[in-house]
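Chains as they are written, first to last, in the working numbering: chain D, 1 to 437; chain E, 1 to 1059.
Because the hints were derived from the structure by calculation, they are not lab data.
What you are looking at is a predicted structure, and each value in this text was computed from that prediction instead of being measured.
Honestly, I wouldn't trust all of these hints.
[What the hints assert, rightly or not] Below, computed lysine-lysine pairings styled on DSBU-like, alpha-carbon distance capped at 30 angstroms:
id: 1; chain 1: E; residue 1: Lys355; chain 2: E; residue 2: Lys861
id: 2; chain 1: E; residue 1: Lys225; chain 2: E; residue 2: Lys861
id: 3; chain 1: E; residue 1: Lys355; chain 2: D; residue 2: Lys105
id: 4; chain 1: D; residue 1: Lys84; chain 2: E; residue 2: Lys218
id: 5; chain 1: E; residue 1: Lys859; chain 2: E; residue 2: Lys252
id: 6; chain 1: D; residue 1: Lys19; chain 2: E; residue 2: Lys197
id: 7; chain 1: D; residue 1: Lys145; chain 2: D; residue 2: Lys155
id: 8; chain 1: D; residue 1: Lys359; chain 2: D; residue 2: Lys290
id: 9; chain 1: E; residue 1: Lys648; chain 2: E; residue 2: Lys434
id: 10; chain 1: D; residue 1: Lys19; chain 2: E; residue 2: Lys218
id: 11; chain 1: E; residue 1: Lys218; chain 2: D; residue 2: Lys108
id: 12; chain 1: E; residue 1: Lys218; chain 2: E; residue 2: Lys415
id: 13; chain 1: E; residue 1: Lys218; chain 2: D; residue 2: Lys145
id: 14; chain 1: E; residue 1: Lys230; chain 2: D; residue 2: Lys84
id: 15; chain 1: E; residue 1: Lys862; chain 2: E; residue 2: Lys252
id: 16; chain 1: E; residue 1: Lys177; chain 2: D; residue 2: Lys307
id: 17; chain 1: E; residue 1: Lys218; chain 2: D; residue 2: Lys105
id: 18; chain 1: D; residue 1: Lys84; chain 2: D; residue 2: Lys290
id: 19; chain 1: E; residue 1: Lys197; chain 2: E; residue 2: Lys184
id: 20; chain 1: D; residue 1: Lys158; chain 2: D; residue 2: Lys5
id: 21; chain 1: E; residue 1: Lys415; chain 2: E; residue 2: Lys648
id: 22; chain 1: D; residue 1: Lys105; chain 2: E; residue 2: Lys230
id: 23; chain 1: E; residue 1: Lys859; chain 2: E; residue 2: Lys313
id: 24; chain 1: D; residue 1: Lys307; chain 2: E; residue 2: Lys187
id: 25; chain 1: E; residue 1: Lys452; chain 2: E; residue 2: Lys609
id: 26; chain 1: D; residue 1: Lys307; chain 2: E; residue 2: Lys197
id: 27; chain 1: D; residue 1: Lys307; chain 2: D; residue 2: Lys105
id: 28; chain 1: E; residue 1: Lys2; chain 2: D; residue 2: Lys359
id: 29; chain 1: D; residue 1: Lys359; chain 2: E; residue 2: Lys187
id: 30; chain 1: D; residue 1: Lys307; chain 2: E; residue 2: Lys862
id: 31; chain 1: E; residue 1: Lys184; chain 2: D; residue 2: Lys19
id: 32; chain 1: E; residue 1: Lys187; chain 2: D; residue 2: Lys19
id: 33; chain 1: D; residue 1: Lys359; chain 2: E; residue 2: Lys106
id: 34; chain 1: D; residue 1: Lys108; chain 2: E; residue 2: Lys609
id: 35; chain 1: E; residue 1: Lys313; chain 2: D; residue 2: Lys84
id: 36; chain 1: D; residue 1: Lys145; chain 2: D; residue 2: Lys108
id: 37; chain 1: D; residue 1: Lys359; chain 2: E; residue 2: Lys935
id: 38; chain 1: D; residue 1: Lys108; chain 2: E; residue 2: Lys225
id: 39; chain 1: D; residue 1: Lys359; chain 2: E; residue 2: Lys177
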Amino acid sequence: MVSFKFIHTADLHLDSQFKGISGLSDGIRSFLRESTFTSLDRLVELAVSEEVDFMVISGDVYDAQDSSLQAQLRFYEALERLGKHGIGVYVIHGNHDPLDSPRMKTGKREHVHVFGPEFERVTAYRRQDQRAAAVIGGISYPTAKVIENTSLRFKRDKDNSLFHIALLHANIDGDPAHETYSPCTHQDLIASGYDYWALGHIHKRQILHELPHIVYPGNIQGRSIRETGVKGCYVVQVAEDGDVNMRFHDLDTIRWFHETVPIDGMEGEEAFQTQVEERMQEIRRECPGKMSIVRFVLTGRGSLHEKLEEGRIAVELLHELHRRAIRAASEPSGLAGLVWVESFDVRSGPWIDREALLKEDSFLGELLRYGQQARGDMTTRAEVLRSALNPLMANRELRMLLNETDDEECAGWLHRAEEMAVLLLAGEGGGESTDED
Amino acid sequence: MKIERLQIHGFGRIKEQEIQFNAPITVLAGPNEAGKSTILQFVRAMLYGIPSRAYPSERYEPPGGGRHGGVLTARAADGSKWTITRYTASEQRAGAGRSEQLSIVKTDMQGTAVHMTQNDLERELLGGLSRDMFKQLFAVTLTELQEIRTLQSEEMGSYLFHAGFGGGGEIMRAERKLIQDMDKLYKPRGRVQESAKVLHAMEQLQREISESRSYLSKFMDAESKLQEIKHRISETDQNRTALSSQLVVLHKALQIRPQWLEWKEASAERGGLPDRISFPGEGIQRWERLRDEQDRILLRLQELERASDEWNKQLDLIQIDEQLIRQGPHLERLANRHEYVEMRMKELQEFSGEKAAVGQQLQQLLQQIHSGWTRSELRAFSGAVSEREAVRRYAAGFAGYDRRMEGLAFEREQKSRQLESAEYELRRTEAAFKERKDTGIRRFGMIIPQTKSELLSVWNELQSEAERWRETRLDRLSLKGLEERDAVVSGRMKDLYRKLLWGSAAVTVILPAILWLLQSTWGALSAFLIFIFVDVMLWRGSSASSVNSRSRRQKERFIHDPADEEDRLSSLMSSLISDPLTASAAASGQRGYSFSEQDMESSLRELRKLVEAWLLWQDELERSKSEVAGARQRVETLQHEVSAVTRKMDGEQGIFEQLDTEWQFWLTERRLEAGTSPETVMDMFGFAEQGMELIRRLDGLEHKQQILDQEIEAFEKECRMILAVDQEMRGIRILSQLENRKAAWAEQQQLLREKEAIHSKLEPVKEEIFKLSREMNQIAKAVQSLLDEGQAADSEAFLRLGAVSERVQELNRSIRHLEVSMFSGWSAERVQALLDILNHQDAAALDKACRETEEESEKAKKQWNDLQLQQGRLLQERDQLVRLCSHDTALQQLEEQKASLKEIAAEYAVLSICAEMITRTRSIYEKEKQPQVLKLASTYFQELTGGSYNRIIMKMGEKKLLAEHRDEGLIDSSLLSRGTAEQLYLAMRFALAGSMKSKAVVPMLFDDLFVNFDEDRMCAALNLTGRLAADRQIIMLTCHRYLVDHIQSRIPQAEIIRI
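Next comes chain D alone, as it looks inside the complex:
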């Protein structure tokens, strides 16, 4: 065996959109749109500066449904640049960019190998001396929906002692948070005899196993609140004895944050605003060169809740922060260190002893008990949601939108509805606020 170095990346999702974000200015929007490409450029720069021997991309280079020309052009441009430095690229297609999706036909490139719908095995060479370095096996998605366990087709070349790398786009052990394509278990992968499973599909970076290595590098740019934290790729150094040393390199241009702000004990708007701004400052300090997007989740119970719900101070603050961000972004180099607030997720409640209310023999108590039951019992909940959301279903767009809504969000709505009911119904009669002026 020879020692070599390669980059493992996946889920580039070039030119895909940022979800759940609104109120952008043109400048910021362009920046967002460019971010996936900037991350791609960083990836190429990393490959060149690290002098890697080759790069493997485990699927989902772009979103076929957007059929973005820009994505394809920029990707091929990146390939050209890697080619100029003699860096080989091994690509498989995933569920977002299957082989049957519209793709640009380009001439055959010597340094790029795109795996076909059947399992293939190719040998990668070391750049400096053209010695055989590794065997790379891979398989692409012929169509968007692959429900067969394609990992079973990976067979190690028994006579070949080289380091074996497998490229697969799959959901290992059926992570319920993602579509289950090419379902397989990590035992399947271990049994195959491959040394390194370069996986794609799950956007969260994770090393499922070592020796053999089973690795999701995550995507290179987070695009929604579900993809928070540092994003990038792995530079994998394989020593002569097959020892694997992995280093993570961040590539993201924009970073997502999820911040919780408890409102307990917060007296007024100013305290709230100060708290939010402090958090934003912290985020700015944490990644000074990048743009950050943050969602604030307001939790806890306090007098502020009423103002949040009725006075809509969160909405106003959001608009104000957006205005400020847009102004800052219009300055030269204003985008570095910019913090954009995605939204305020109000999950707080009014300053009322909810537990006591739950026990109380009152209308509100009954309502809360019902709410609790609905949150636990799926059929009740579905029924409540169906009748509550029925008017929205009349519209196609909204219907599509609501169909995409996940359980967690629905539960959040239910909770917020309960808090709202508490606020509305306990306003005068409830609790101890009666002996106030």
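For this one, chain D is given, so just place chain E on it according to the hints.
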């Protein structure tokens, strides 16, 4: 819970008033303004706090100022006592808002007082009942009761159901607010809502996106078209180049035609000449050069040969003696050794002189050793260490023999002397023994026993007998005195025993009798028996003294006659001694002991002396006897020793003889004189050594002489061989001959040197001749090869061929020149094409073809331009697409709009879910809670109306209360008369209060609720109230006397307090 006492320190108009509640139902009666409602409010305020200044009508501040508040004492269901003290704060601090002095103390059954908070109060004492609930359900005034009526009929249901659950109207208001908010956000076909705006924007964006989605396919389309055009361009390109190249060929053909004709001609002539002439390059010149060289070499050769002949002649003139020259080096060597050999000869003469002297010396020495000895004996003798050792051993052997013999002779001498003295000793002791024996026999002749043991045994017996005899004598003397003393003692003992016997007999009789009297039969009997026994013992004791006298008699008999002893003594003596004197003494002893006692004693003494002397003699005798024996033994031992020494001497003599024989043999073996002693031989060794030294010197000399001889001989032999003289010639003559020979050799050497000089001159000449002849050969070869190369038989043919070849070269040059001027820079194929054209077409045809090709080329160029234009357009289109797509953010915008829509939808969803949940909770209330409440309310209502109405019904979904009249059927509650409606609501309140699922039973306070009731219904209401009072405390406030009267008559347990 039960309210026990109210202490109103200041509340409204009431000041410092105290009311005790003792009965389950209490009626507070008083005229208007007596403070009934104030008391109701006071209770509310005490339990839930004094209302703030914002509600002055409920605050009941004392008009004159002063303390505002009081104390309420209540007892909870578990028996604990609650004391609630509540005052508003002083005026100064009242501005601060919620400020009141509150103290809630809970005292449990055991008397432990604990401070509690308002929350604890509400939770524990009031069972979680809220202030409003208390106000609307429990502490009710007519206003609150009638409030129901003023509500819209459709809202009544919810108000009623939720009365006390946080203020009924709240729910309706909340629902209205929710629906308003929802409508602001979204309406299915709305146009002005936020959602509608977003949706509109989305629609627009989607159109844009569908456009931008086509970019990729357009791009790919353009790309494929571009590929095609590129392909076509390249095709046209090829066509164009082909045409232009053809045109070039044609032009060229036209241009070079004259030259071509010339070339053709030359080629034809060239064709006539032999195709290939293998004439060597510059053949003629090379030929001539070779000839010149040949001539020069020949000249030089002749010259050299002449010189060489001359030198050879000179050489022949010099004569040399070959043999001498051969011997030359040998001779020289011999001459060099000449002097050395002379010296050797002298040495040889010296050695023979020395040898003769040494030989003489040796002869003398041999004579000294032994007359018969020659050198060979001496050599054999040699005196080796082993020989010396042998001689030394023999010498030691002889010396050892002498020493031992000497020792043994001395020993023998000593021993025989000792033997003599021992023999003398023996004789002396024997004589002494005999003498002693004789004297002994003479002295002790009378003693009978002969041996010592015999005598001793008799003597011992005699002595023991004498002892016994003496004892007998002593016993007989003491016996008489003893008999008299014994008789006195026995008499006294007898008296004592008799006296004791009498006493004891008396006791024997008396004590059992006393015991008998004391009723102890067994004791008496046993005592009697014991005493009887004692008596018997005593009796025996007295008789024992007579036994003593009997033993005396026996003693007397024991002392026998001493005469027996004496007899035996004397017999023993006689057996011991045969002396007559002692025998007479013995005989006298036999007669009587009394007078011979003295004699006996003296004879015994005599006898002892005698025996002792005898014993002494015996011992001496014994000792001298043993001395004799010892002397005899010594003599014998010594005799043995003497003979042993003699034997040893004989052995030594034998050894000596053997040694001597050996020695003699050894001597003869070495041819030495027979009598020679080893010591002499040892001396001889010295001589032999000297002799050996001489022999060695002789040998050395001889050896050296031999070597010298050999050397000289060898030298002479060599000389003879060289000089070729006869064998007899020797010594000096040979040497002189050698000198002569050497001189001749020097002459020859001179000659040789001259010859050498001539040879050295001749050598280069020869070498040059050789070199030149080789060159000559080479040139000849070169000439031949030239001829061969030219395939010429001789030089004439060669020269002819040369001329032809020159012409061919000329033609070739001109052809080449023409070709270069025609075809330079043209490839072979094109040249071929050019030649084809020239061959096949004449000038006119060429001209025509040229024109045609020009036209075609023009056409192709035009086509190429068109294609380039198309390509340009496509490229532009493609770039346009790339540019467009790089600024295309429609998808992102759509995503943003979606996000906005999502927000709206979420907001809407929350509102909608909230509304939905309120609706559902209400329906739960209506379904689950209503029947129970209504059932209870129906019975109460029936009772209140005296059976006029059967029941209260709630119509599902309509939220209307209906009262079922006995005759008229269902009547809407809004259509009921005021009184009936109030009764209905009262019934509902009782029912609701009854169905409240709270742990605490809260008292009810009614402020003149029955004023609108007719008498019957009032009575019914009172009856109901009285019954309910069994379960909870009821306090009624009224200003109507008739009511009080009725209460008094209908509810006897009621306590009436007038204020």
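Outcome of the hint check:
{"no.": "1", "hint": "E:Lys355 / E:Lys861", "result": "violated, 140 angstroms"}
{"no.": "2", "hint": "E:Lys225 / E:Lys861", "result": "holds, 21 angstroms"}
{"no.": "3", "hint": "E:Lys355 / D:Lys105", "result": "violated, 132 angstroms"}
{"no.": "4", "hint": "D:Lys84 / E:Lys218", "result": "holds, 28 angstroms"}
{"no.": "5", "hint": "E:Lys859 / E:Lys252", "result": "holds, 22 angstroms"}
{"no.": "6", "hint": "D:Lys19 / E:Lys197", "result": "holds, 19 angstroms"}
{"no.": "7", "hint": "D:Lys145 / D:Lys155", "result": "holds, 23 angstroms"}
{"no.": "8", "hint": "D:Lys359 / D:Lys290", "result": "violated, 49 angstroms"}
{"no.": "9", "hint": "E:Lys648 / E:Lys434", "result": "violated, 40 angstroms"}
{"no.": "10", "hint": "D:Lys19 / E:Lys218", "result": "holds, 27 angstroms"}
{"no.": "11", "hint": "E:Lys218 / D:Lys108", "result": "holds, 21 angstroms"}
{"no.": "12", "hint": "E:Lys218 / E:Lys415", "result": "violated, 163 angstroms"}
{"no.": "13", "hint": "E:Lys218 / D:Lys145", "result": "holds, 27 angstroms"}
{"no.": "14", "hint": "E:Lys230 / D:Lys84", "result": "holds, 25 angstroms"}
{"no.": "15", "hint": "E:Lys862 / E:Lys252", "result": "holds, 25 angstroms"}
{"no.": "16", "hint": "E:Lys177 / D:Lys307", "result": "holds, 16 angstroms"}
{"no.": "17", "hint": "E:Lys218 / D:Lys105", "result": "holds, 13 angstroms"}
{"no.": "18", "hint": "D:Lys84 / D:Lys290", "result": "holds, 29 angstroms"}
{"no.": "19", "hint": "E:Lys197 / E:Lys184", "result": "holds, 12 angstroms"}
{"no.": "20", "hint": "D:Lys158 / D:Lys5", "result": "holds, 23 angstroms"}
{"no.": "21", "hint": "E:Lys415 / E:Lys648", "result": "holds, 14 angstroms"}
{"no.": "22", "hint": "D:Lys105 / E:Lys230", "result": "holds, 16 angstroms"}
{"no.": "23", "hint": "E:Lys859 / E:Lys313", "result": "violated, 105 angstroms"}
{"no.": "24", "hint": "D:Lys307 / E:Lys187", "result": "holds, 26 angstroms"}
{"no.": "25", "hint": "E:Lys452 / E:Lys609", "result": "holds, 16 angstroms"}
{"no.": "26", "hint": "D:Lys307 / E:Lys197", "result": "holds, 27 angstroms"}
{"no.": "27", "hint": "D:Lys307 / D:Lys105", "result": "violated, 58 angstroms"}
{"no.": "28", "hint": "E:Lys2 / D:Lys359", "result": "holds, 25 angstroms"}
{"no.": "29", "hint": "D:Lys359 / E:Lys187", "result": "violated, 37 angstroms"}
{"no.": "30", "hint": "D:Lys307 / E:Lys862", "result": "violated, 79 angstroms"}
{"no.": "31", "hint": "E:Lys184 / D:Lys19", "result": "holds, 25 angstroms"}
{"no.": "32", "hint": "E:Lys187 / D:Lys19", "result": "holds, 25 angstroms"}
{"no.": "33", "hint": "D:Lys359 / E:Lys106", "result": "holds, 24 angstroms"}
{"no.": "34", "hint": "D:Lys108 / E:Lys609", "result": "violated, 167 angstroms"}
{"no.": "35", "hint": "E:Lys313 / D:Lys84", "result": "violated, 96 angstroms"}
{"no.": "36", "hint": "D:Lys145 / D:Lys108", "result": "holds, 27 angstroms"}
{"no.": "37", "hint": "D:Lys359 / E:Lys935", "result": "holds, 25 angstroms"}
{"no.": "38", "hint": "D:Lys108 / E:Lys225", "result": "holds, 18 angstroms"}
{"no.": "39", "hint": "D:Lys359 / E:Lys177", "result": "holds, 26 angstroms"}
Hint compliance for this structure: hints 1, 3, 8, 9, 12, 23, 27, 29, 30, 34 and 35 are broken, all remaining hints hold.
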